[in-house]
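Engineer: The chain contents come next:
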Amino acid sequence: MRAALLSLLLLAALPARAEEVVAGLSQSRIQISTNFDGSEILIFGAVKRETQIVEDPALQVLITVSGPSEPLTVRRKERRFGIWVNTDTVEVDAAPSFYSVSTSGTWSETIKDVEDLRHRISIHRAIRSVGATISGTNDFTEALIRLRMRETLYQTNIGAVTFDEDTLFSTSIQLPANLHEGRYVARFYLTRGGFIVDTHTAAIEVHKVGLERWLFHLSREQPLIYGLMSLTIAIFAGWAASAAFRVFRS
Amino acid sequence: MQIYLPIAEVSVNAFLLLGLGGMVGVLSGMFGVGGGFLLTPLLFFIGIPPAVAVATGANQIVAASFSGVLAHLKRRTVDLRMGGVLLVGGLAGALLGVQVFNLLRARGQVDLLVQLSYVLFLGVIGALMFVESLNAIRKTRAGRAAPTRRKHGWVHAMPFKMQFRASRLYISVIPPLMVGFLVGILAAVMGVGGGFVMVPAMIYILHMPTKVVIGTSLFQIIFVTAFTTILHATTNYTVDIVLALLLIVGGVLGAQIGTQIGAKMKAEQLRVLLALLVLLVCGKLALDLLLEPSELYSLGTGKAH
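For the record, the sequence lines run as chains A and B. Note that the numbering used here has the first sequence beginning at 1, numbered continuously upward. Note that the numbering used here has the second sequence beginning at 1, numbered continuously upward.
Extracted from the complex, chain A is given alone in its bound form (with noise of 0.2 angstroms):
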């Protein structure tokens, strides 16, 4: 009999065991090509669970995709002399280069700020800045966020995710065409009244291929040599595309 509470007594305090995140993603792997522009990822799953469906306070998913986050600076300008320069600079320790939030729910009903806090799950939490000694780094912060919202690199996706009967849940995600390279990550959070259940993760890579990977490695790795190639290939092309023309013209 006492071993039974204790049983139930375990199993009221460790619900997430109770239920589980099972997900897929319709591909791990992106590949930019000389044609890339841009990708749309379908991103799926269920709740797996051995208990029956609870109905309140209400199963809500949520799903991060995240790309490599590398420093950046972010810059203001001011008028000085009568011309608009950049004067302050505020140093971001790391930030993703993508990253989308999406949401069955509205943010209040998805998740706690305890829980946010500790996951580091919206973007102002993502982005890491330490050290800033510029009064007023959040309005960097926010330009950050701002300037990358506008190029769809930050998404905030509410209520974007479909969940049905509290089971099966998918959303899609659209990767712009500007994407850099490295490993992306998925993450799912399963949550019950803000609090999350139990979480997942699944990675993407994208990695550049062909034509354009060769160029970019070669640049990189051997510059003098793809100095002298591009040099070569644009002389080569001027002088081609005007020898064509009279050619043409005679």
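Source of the hints: derived by calculation from the structure; they are not laboratory data. Treat the hints with caution; some may be incorrect.
Unchecked claim - Just a sample of chain A residues kept apart from chain B, beta carbon distances all over 12 angstroms, derived:
| id | residue |
| --- | --- |
| 1 | A23 |
| 2 | R120 |
| 3 | R125 |
Unchecked claim - Here are the simulated distance ranges between beta carbons:
| id | chain 1 | residue 1 | chain 2 | residue 2 | range |
| --- | --- | --- | --- | --- | --- |
| 4 | A | T201 | B | Q99 | 38 to 48 angstroms |
| 5 | A | E115 | B | G283 | 47 to 57 angstroms |
| 6 | A | L117 | B | K284 | 38 to 48 angstroms |
| 7 | B | T259 | A | S26 | 48 to 58 angstroms |
| 8 | B | L134 | A | R80 | 32 to 42 angstroms |
| 9 | A | T201 | B | L70 | 53 to 63 angstroms |
To be verified - If you want the ones that stay clear, here's a sample from chain A, every Cβ over 12 angstroms from chain B, calculated:
| id | residue |
| --- | --- |
| 10 | T34 |
| 11 | F44 |
| 12 | A58 |
| 13 | D113 |
| 14 | H119 |
| 15 | F163 |
| 16 | F188 |
| 17 | G194 |
| 18 | I196 |
| 19 | A203 |
| 20 | S230 |
Every residue, glycine too, gets a C-beta built ideally from N, C-alpha and C.
Given chain A's structure and the hints, the job is docking chain B onto it.
Structural biologist: Same frame as chain A, now just chain B:
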């Protein structure tokens, strides 16, 4: 048709790039200038990162000038000795220019440097050209011949004189070295060939005969921009060959059309038009500096150290 540029890491419409190259090509063919001063700002405008635009611009100019130099060499309208002296100055200038460029890029001031250089040079040269060609038009209307230029000036008072046979000049090497040096800096910082500075300087300061001016300046430009391309490619990794190729193909075809339009117009009229174009670009860039931008913030990659 969208095309992903491997170095710039942006996706741009290929026909837009061909069109831009072509448009600048038409103008450069009409006026006999390289067109770098138009192309580089246009590349900024369509969202190519400034560092990539400047470095790729240099690469494109090499190609655009190559067939021109071949034609001038065939017609013997290149002063190779003068070209060599200008080149020595140019290479030194390019080396310094790339250093300055990299330093200011790290400080986040490279856009300002590029814009200020454009406003300054385009403004001065555009205004000079405009006034000069208006005067020429007025004088030909009045029926008087254009005045012959002074043959002797401060250029002749300097030491280290050298004989330049093709230009029929015996002058100090210091002024051509200085002109070359300045043009080298411009090539590295602005992503231009610098013909729009060098050609007036050769005519008005060095007093070279007009016949050899274009060929000699093209000769110098090819080597200086080639050197700049290599410097940018090895220090900044910012030369985008795919971007350059599209601009070159468009540019060469446009230049052929432009040459034919140019042949049908009078030299003075062409000069007035070119001066107006130069002033227009200058005015646009000056406004960008003077008016409050709609977005005060900008992003830079890496850390600012």
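Engineer: For A:T34, which was marked as not at the interface, is the minimum beta-carbon distance to chain B over 12 angstroms?
Structural biologist: violated (6 angstroms)
Engineer: Does the no-contact call for A:G194 survive, Cβ to all of chain B over 12 angstroms?
Structural biologist: For A:G194, whose nearest Cβ neighbour in chain B is about 33 angstroms away, the distance exceeds 12 angstroms, so it holds.
Engineer: Beyond 12 angstroms from chain B, beta-carbon-wise, is A:A23?
Structural biologist: holds (29 angstroms)
Engineer: Okay, B:T259 versus A:S26 on CB: inside 48 to 58 angstroms?
Structural biologist: holds (53 angstroms)
Engineer: Taking the Cβ atom of A:T201 and the Cβ atom of B:L70, is their distance within the range 53 to 63 angstroms?
Structural biologist: holds (60 angstroms)
Engineer: Any Cβ of chain B at or closer than 12 angstroms to A:F163, or is the non-interface label fine?
Structural biologist: For A:F163, whose nearest Cβ neighbour in chain B is about 33 angstroms away, the distance exceeds 12 angstroms, so it holds.
Engineer: Just want to verify: A:I196 was marked as not at the interface with chain B; is every Cβ pair farther apart than 12 angstroms?
Structural biologist: holds (32 angstroms)
Engineer: Can the suggested window of 38 to 48 angstroms be confirmed for the beta-carbon pair A:L117 and B:K284?
Structural biologist: holds (47 angstroms)
Engineer: So A:H119 supposedly isn't at the interface. Is its beta-carbon more than 12 angstroms from every beta-carbon in chain B?
Structural biologist: At roughly 26 angstroms from the nearest Cβ of chain B, A:H119 sits farther out than 12 angstroms, so the non-interface label holds.
Engineer: Does A:A58 clear chain B by more than 12 angstroms, comparing its Cβ with all Cβ atoms of that chain?
Structural biologist: holds (39 angstroms)
Engineer: Checking the smallest CB distance to chain B, is A:F188 really beyond 12 angstroms?
Structural biologist: Correct as stated: the minimum Cβ-Cβ distance to chain B is 29 angstroms, above 12 angstroms.
Engineer: Could you tell me whether the CB distance from A:T201 to B:Q99 stays inside 38 to 48 angstroms?
Structural biologist: holds (45 angstroms)
In terms of the numbered hints stated before, the structure departs from hints 10, 20, listed from lowest to highest.
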